[in-house]
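A.B. asks: Starting from the given sequences, assemble the full structure and let the hints guide the process.
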Amino acid sequence: MLPSAGDVSWSAEINGVNKRLNIENNAILLDVLRDQAGSLGTKRGCDMGTCGCCSVLVNGEPRLSCLTLAAEVDGAAITTVEGLADGHHLHPIQAMFAECGGSQCGFCTPGFLVVTSALLDENPNPSDKEIKCAIEGNLCRCTGYQQIVDSVRAASDILTKGLQLEDSTSPKSDPHPGFSGG
Amino acid sequence: MMRMPPFKLHTPKTLNDALNIARELSNEEIEFDWIAGGTDLLPNYKWHLNAKPHVISLSGISELSKLNSNHIGAMVSLHDLAKSKYTHPVLVKAADSIASTLIRRSGTVGGNICLDTRCYWFNQTEQWRESIDWCHKCDCGTEADCRVIPNQNTLCVATYQADLAPVLMCLGATIHLASVNGIRSMPLHNFFELDGMTRNVLQHGELVTHITLPEDVNEWKGDYQKLRQRESWDFPEAGVAALWRMGTKGPTQLRIATTGLESIPGLHLEEANNAISKWNGSNTIDTLADAIRKSVKPVQNTWYSPSYRKKMVKVLTKRACAGLIER
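Protein chains in written order, with my numbering: chain A, 1 to 182; chain B, 1 to 327.
Keep in mind that the hints were calculated from the coordinates and are not lab data. No false leads were slipped in.
Here are the computed distance ranges between Cβ atoms for each label pair:
{"id": "1", "chain 1": "A", "residue 1": "122", "chain 2": "B", "residue 2": "63", "range": "22 to 32 Å"}
{"id": "2", "chain 1": "B", "residue 1": "253", "chain 2": "A", "residue 2": "74", "range": "44 to 54 Å"}
{"id": "3", "chain 1": "A", "residue 1": "142", "chain 2": "B", "residue 2": "253", "range": "45 to 55 Å"}
{"id": "4", "chain 1": "A", "residue 1": "146", "chain 2": "B", "residue 2": "306", "range": "28 to 38 Å"}
{"id": "5", "chain 1": "B", "residue 1": "83", "chain 2": "A", "residue 2": "144", "range": "21 to 31 Å"}
{"id": "6", "chain 1": "B", "residue 1": "86", "chain 2": "A", "residue 2": "123", "range": "16 to 26 Å"}
All values derive from a computational prediction rather than experimental measurement. Backbone N, C-alpha and C fix where the C-beta goes; we use that ideal spot for every residue, glycine too.
C.D. replies: Next comes the structure, spelled out in structure tokens:
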């Protein structure tokens, strides 16, 4: 008979907000983020490290949250897809995924956005080979990947050439259309 | 959703603490696993493959993460190994070919060396394995027979599919182990044991601390070639490392090692020495590649057939040795 897991105190800075939670001793980060921290943008795909849907940034590095024990990242800064945008001002990679068709059914999109935002942070002007290498652990069954590579290249142009992003406070790009939040 | 079996996680901050926890658990005859990056262990646990009631994490032990030209800590990530300026170029190629970028961020050198052997009768969900009445490697107390070679339940033939071992063996690596009883070292090719369940010489409570490489490591040139279904990610169905030191009339030393073909990686010293003693350029490479093909014995437990994997070993050996005749 295996022993049951106990409760332990756990804290992390999730999308810039300090969170203190009681988690199971052997909890997986994905479960903590989705079930306790409320980050439903972090998707549970294969749960085995194959699809990359659950990718998050741990201290700026992309990690598979389904293969990360929460206790091992106690005290870390964690960024999920919800933490990429600045309010209604989308991150360039988010805007370009919408613009270039990088997102179709959308299920894999959070993982791609997290991984490619980390790539652009590290290397704002990646080659196609570097883009493909960065997303090799993320599966997409809709786009055929070309639009995703195009989206990253377009976001790279915005970042490196100082191109202006359309004001994303307009209703067109409102992440919650029809909901004023007021 | 895969349900993780319950276990108690220990997160020591020093090697001594980790070894002491291991000793306490061993004294109480409680089973446990070490966890390094978790990219092998956690999927296996989610599939309820030989889960233990206690797990000791090595992620907080900074002394296991040292990396330079001749010293590779067990907890160095595969990503850091591949990106380091200290890493031998062939080791960079092997490390960069492992799984995906995301897996390499978490996966470690020690974890890769100690990778659990794989078999398509074993790496399946609990329900799938129950439907075939289990197998020898995870028999759930039923004493089930091996599904690959029936009527023998004394040996597991699951395949060792890690990429670093053949390159490290060719570079003359030494592996260093620690337990509460002390430390010990051995050439890496002596670390492995020909059984898919025992896998290596690690005793209960013992772990890999680091790997050292000889001083002359940068004088060795070579290549690593692997066969896999999807280039972006899969385990090797066959892998061949070839490393050599060049003289004026050809190679003066040559080492060939293989992975993904048997329960342990193979170092093919005899075949390589024969090639050196009868060196005649591309003809020798053809003969060598054929000798390597004949020396490996894959079984039907990965996605490609044994005959195809053997055939590809010859091709991969020739490709890995191509640098020997390039001018």
